[in-house]
Amino acid sequence: MSDEMKANPEEETGLGEAGLEVFRDTVEEFLAAADVRVVYGEPIQHDDTLIIPAAEVLCGMGFGLGSGSGTSTDKDAEKPNRGSGSGGGGGGRILSRAVAVVVASPEGVRVEPVIDLTKIALAGLTAMGFMVGMMFRMNSHRHGIPRIEE
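So that you can map any letter, position 130 of the sequence shown is 130 in this note's numbering, and since no number is skipped, the others follow by simple counting.
Since the hints were derived computationally from the structure, they do not count as laboratory data.
Please note: incorrect hints may appear among the correct ones.
With beta-carbon atoms standing in for the labels, derived distance ranges [unchecked claim]:
{"hint": "1", "residue 1": "43", "residue 2": "117", "range": "34 to 44 Å"}
{"hint": "2", "residue 1": "43", "residue 2": "89", "range": "38 to 48 Å"}
{"hint": "3", "residue 1": "37", "residue 2": "92", "range": "15 to 25 Å"}
{"hint": "4", "residue 1": "28", "residue 2": "85", "range": "25 to 35 Å"}
Nothing here was measured: the structure is a model prediction, and the numbers come from that model.
Positions of the beta carbon are idealized from the N, C-alpha and C atoms, including for glycine.
Construct the complete structure from the given sequences, taking the supplied hints into account.
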């Protein structure tokens, strides 16, 4: 094994410490977004009733680092060029949506779900589309439309 292959890329480029710092900062930002105050929201007091909004928070992320080094294979060069490089990248997404409202009053505590009519409508339209497609398919066999044979 050559000396170039034994070199530690983290020592040469500082990628290890810098990469860990970026990763640590990113994770802290994601965890701050999923804080209990973000999930439940600020309580609202109205007379004797306390209203607490509740939300669902989903987060996903990915992160990667890489580095490399090598030497030039040009044997004619007086001084072979030694190359190195490093890089990293990452991404993520945070989604939150209201799911319920907790209502605490003198009569008791109850949880009122938040109904997302858009999702219900989209699910209904999707189901309707599949049903219409299947009806056309079933009807085409009944009328003797020839099948395409391979």
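For each hint, the structure was consulted:
Separated by about 26 Å at the C-beta atoms, residue 43 and residue 117 break the suggested range of 34 to 44 Å. A hinted range of 38 to 48 Å for the beta carbons of residue 43 and residue 89 is consistent with their spacing of about 40 Å. For residue 37 and residue 92, the hinted distance range of 15 to 25 Å is satisfied, since their beta carbons lie about 20 Å from each other. Range check, residue 28 to residue 85: about 28 Å between beta-carbon atoms, so the 25 to 35 Å window is met.
In terms of the numbered hints stated before, the structure departs from hint 1 and from no other.
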